[in-house]
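Enquirer: Residue 703 in our numbering sits at position 703 of the sequence shown, with consecutive numbering throughout.
For the record, the hints were derived by calculation from the structure and aren't laboratory data.
Glycine included, C-beta positions come from ideal geometry on N, C-alpha and C.
Watch out, some of these pointers could steer you wrong.
Simulated DEER-style distance windows between Cβ atoms [stated by the list, open to error]: (1) Ser213 / Asp250: 20 to 28 Å; (2) Gly847 / Ser323: 18 to 26 Å; (3) Thr789 / Asn827: 30 to 38 Å; (4) Ala784 / Ser702: 16 to 24 Å; (5) Asn743 / Asp295: 49 to 57 Å; (6) Val731 / Ala304: 18 to 26 Å; (7) Asp250 / Asn743: 39 to 47 Å; (8) Thr876 / Gly822: 17 to 25 Å; (9) Asp295 / Ser323: 28 to 36 Å; (10) Lys728 / Gly847: 45 to 53 Å.
As a list, the in silico BS3-like pairs of lysine-lysine whose alpha-carbon atoms are at most 27 Å apart [said to hold, decoys possible]: (11) Lys181 / Lys214; (12) Lys190 / Lys464; (13) Lys181 / Lys408; (14) Lys233 / Lys448; (15) Lys773 / Lys716; (16) Lys800 / Lys769; (17) Lys716 / Lys728; (18) Lys725 / Lys769; (19) Lys409 / Lys432; (20) Lys838 / Lys867; (21) Lys272 / Lys408; (22) Lys233 / Lys272.
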Amino acid sequence: MKNTGYSQLVSLAFGILIVSFLITFVTGDIISSGVQNIKTPDITNSNIISNSFQTPVLPSQGGNIKDTHSRTVFGSAVVYAPHIDVSKTNIMSDRSSAIPSDIGSFLTLNVKSNRTTCENINLVKNHPPPQFSHGIDSQISIASVNPASQSQIAEIANYPYHTDKKIIEYGCDAPAARWVKGNIASMEQKPFDGLVFWPGDNAVSLFLPWDWSKYPDHLDTPNLSTINWNKFKGNNFLLIHTWTCDDWTDYWDDAYWTTVETNMADLAKAAKDSGCAGILLDTEWYSTKSPFSYDDMGLGHTRAETEAKIRQRGAQIMNAWQSQYPDITILTTYLIKPIYWGGDEWGLLPYWMNGMLDVIGPDARLVHSDEDAYYYSDTTTWFSIYDKLKVSKSALTYLSSSNEDKWKKNVEVGKTLYWENVMTPSPTQAMKDRWEHNAYLGLVTSDKWTWVYSDAMNWWGVPKEFQPTGCFLENTGIYPGTVDGLNNARTKYDNQEKLGWDWYGTSVYESGNKDMSVSVEFTGTKPATVSATSSNGAISKVDFYVNMVLVNSDTTSPYTLDTSYLPYGTYTVIAQATDVNGRHGTSAPVAFSHTPDQGVSISSITPNSGYNSGTITVIISGENFGPGALVVLRNDALTIPLNVQQITTSQITCSLPLDGVSSGLYNLIVTNTDGTSAIKDDAFSVTEAIQYPVITSISPVSGYNSGDIKITINGKNFKTGAIIKLTKGFVTKNGVVTKLSENQIEGTFALKGMIAGIYTITITNPDGKSVSKANAFTVLAAGAVPSITRVSPNTGTNLKNLVVYVTGKNFRSNAVVTISQGGIVKNAMNVNLMSSRKLQCTLPLTGVTKGYWTLTVKNIDGTSATKLKAVLVKETATSDNFYNILPI
């Protein structure tokens, strides 16, 4: 398709079209910004004519525009023409036969002036439904106008349009990593940019409760790390599901989630090390219970408690992924859409998503793949759903307001193609056309990723033993029309990128036939420098005109003009570039004055004072400053060099270091490289800085509200008698300073009973100077209090240590177990948390006093449980030493 091949305007008739377009003319010396408000005329079969862009003349030759809101601005040439009826026109593209019927009519206008012609500007009718906001106030911009018959089309914003779009495959044939390694060369011959595959030989879920590192068939790191990617490199995803079982997923079990967190960090590292783009999280659960259902996962907690807990876990897992792969992409089957299906099955999914967004880093990406696109059939739906998800955000009902900016920056919209919904093993031509049409629209309305799913087609020829999903697809081969549809859609999309035309009018790009843009940068008496670029060829020469007289032609880059020979006076320079194809570009006129050198002078320095602490930026104003000028402050005792950052003939920007500088008045001196200089007496005043305390770090940064905590605060300017406190709203807790130096404070806070949350820490010196660090310390809510129901075995001798099992509830990781008797306390060894209800440890009974000993379990948050007479110690072994050993 060629840019000059569009149809001409032949008729305009009745109805409604909302169109706006912006045309900017740069045509020699014709420049105008005149604005005229006019009543909308009829323009059917007409051209829009403007004489020198000053007085618009819009002839009336039949047809009708039904709105009086049209406004024409020539120079900037903005034309609003709402409510034009094009329903009866026959104006279509020269490729109209390929345009699906639901796309709408196209309108071709001519815009002419007395100097240039801009023809064949294609506009698209605003397409229903009304909530599809893209069609309103779209803009077509034209940066410059070619000679007659040359059309200029620039960009309409709103929808993603770039060459870095990817089509990948994810289906029931998702292979194991070992298969991919051995067959990657043949796999990369398929019409994809990448694929989704299992990280090992087995299907895995995010919610698996055991340590993956012990199961090589879960995460096949040796094979993953040695796949020899070529075409697919960087476009692949490791697959995990979200199925669960009744006794697996407990959002309140910290030990369980520590295991899941470790597994996910390992998976992200494997993705990064194997050259994958990231992880595909299939949020469509395939189990009897949904991990995103309150009914299934509430476990006796309120809905609000469950929503908060699942949001916490979403953040925990996102942090695990980012810890190993900061710029990871998490591709999902969907993040938010299933909530519109009704029911509770996905009711908690938005809270998981918000948790991920709470902690997402600047380089990570989430992809909402809009799995509903399986069933889209008309063009409007493809665009309107993108609009709802990305542009208007009207569908984001459950998005936390604190995450709206992250949604815009970190969440991309992906699209999915479901082969079975369009095609069959023996497809009709209509099926093939729709398959190609959907593939094309998937590319247009996705930010980057489009994936193809099939339940029936084994793209890779994977044998059963390498299909962990369990679908067991036979090697069916590829059905007719499937590959051609994908390839044709890709070609159509890529060609539009080059040709500058979009079927739906959402992203129109430069066709490459406009003249060059040229600019002149003048630097006084030094040579003027010209930059010129050409879209269609290399520059062959640049001609320089001074006061409209050609004075020099330069054929070598950089293209320059030496103006130092000119007599003193005022001049205008214009540069005209010519490329190897004979195309031209002319710069705007640049005026300059060539004057004799003047002496240096200083008029001001801003600011003109500062404290003797830190570094500040100052701006010096004056005249005749030269490149390489030196700037200093000086008094009788001291000279302070300033660091020059930027300099013009009338202004110098400097950084001024003031740490430790003596207070008082200083003279300002500027010296050019030719030795000329200027002095401004008493130009800058230095004042003794007020010594406020400074906090640089705090350790630890959190503690549980079940006891006291000792903290260390590092910084400077701390003074004897300083006080420390924690504040949160109206809550204040004073600490006790136990040790203090100028750079460090140690203190203790009694946190028992404090409200959990994030606190500000404040240090106040005896002179009233203080410093506060917001969000510096977190008071954590202590967990449920543990309890002990049984110790087994509960009898031993003082001849050897005893391994016991402690049963109860609310035990946590890193719990400490002790036994005590009469003031003697001994720590248990080898404490192993088996679950929140059971732990194993070794009691140090060797050589202890006989009798009953008390056993205590203390969690990391300070909560504890004690069982009196938990263990009986005897001096020698007897038969009844083991009477209470029960099966575990």
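Enquirer: Does each hint hold? Answer for all of them.
Expert: Hints, one by one, checked against the model:
For the pair Ser213 and Asp250, the beta carbons lie near 22 Å from each other, so the given range of 20 to 28 Å is met. Under the hint 18 to 26 Å, the C-beta atoms of Gly847 and Ser323, about 45 Å apart, miss the expected range. At roughly 22 Å, the beta-carbon separation of Thr789 and Asn827 lies outside the given 30 to 38 Å, and the hint is violated. Distance hint check for Ala784 and Ser702: the Cβ-Cβ separation is about 19 Å, which falls inside the suggested range of 16 to 24 Å.
For the pair Asn743 and Asp295, the supplied restraint of 49 to 57 Å holds, since their beta-carbon distance comes to about 56 Å. Val731 and Ala304 have their C-beta atoms about 22 Å apart, which keeps the hinted 18 to 26 Å range intact. Look at Asp250 against Asn743: about 46 Å separates their beta carbons, and that is inside 39 to 47 Å. Restraint check, Thr876 to Gly822: a C-beta distance of roughly 21 Å satisfies the suggested window 17 to 25 Å.
Between Asp295 and Ser323, the C-beta spacing of about 33 Å keeps the proposed range 28 to 36 Å intact. The given range of 45 to 53 Å is respected by Lys728 and Gly847, whose C-beta atoms sit roughly 50 Å from each other. At most 27 Å may separate the alpha-carbon atoms for a hinted pair to count; Lys181 and Lys214 meet this at roughly 22 Å. At most 27 Å may separate the alpha-carbon atoms for a hinted pair to count; Lys190 and Lys464 meet this at roughly 20 Å.
Under the criterion of a C-alpha separation no larger than 27 Å, the hint pairing Lys181 with Lys408 is inconsistent with the structure, at around 36 Å. The hinted pair formed by Lys233 and Lys448 meets the criterion: a straight-line CA distance of about 15 Å does not exceed 27 Å. In summary, the hint linking Lys773 to Lys716 is supported, as the alpha carbons are separated by about 14 Å, within the 27 Å threshold. The hinted pair formed by Lys800 and Lys769 fails the criterion: a straight-line CA distance of about 61 Å is larger than 27 Å.
Simply put, Lys716 and Lys728 have alpha-carbon atoms about 24 Å apart, close enough for the 27 Å limit, and the pair holds. A hinted pair counts as satisfied when its Cα atoms are at most 27 Å apart, and Lys725 with Lys769 qualifies at roughly 14 Å. Between the alpha carbons of Lys409 and Lys432 the distance comes to roughly 36 Å, so the proposed pair goes past 27 Å and is violated. About 15 Å separates the Cα atoms of Lys838 and Lys867, which keeps this hinted pair within 27 Å; it holds.
Restraint check for Lys272 and Lys408: satisfied, since their Cα atoms lie roughly 25 Å apart, inside the 27 Å limit. The hinted pair formed by Lys233 and Lys272 meets the criterion: a straight-line CA distance of about 12 Å does not exceed 27 Å.
When the structure is compared with the earlier hints, violations turn up for hints 2, 3, 13, 16 and 19 and for no others.
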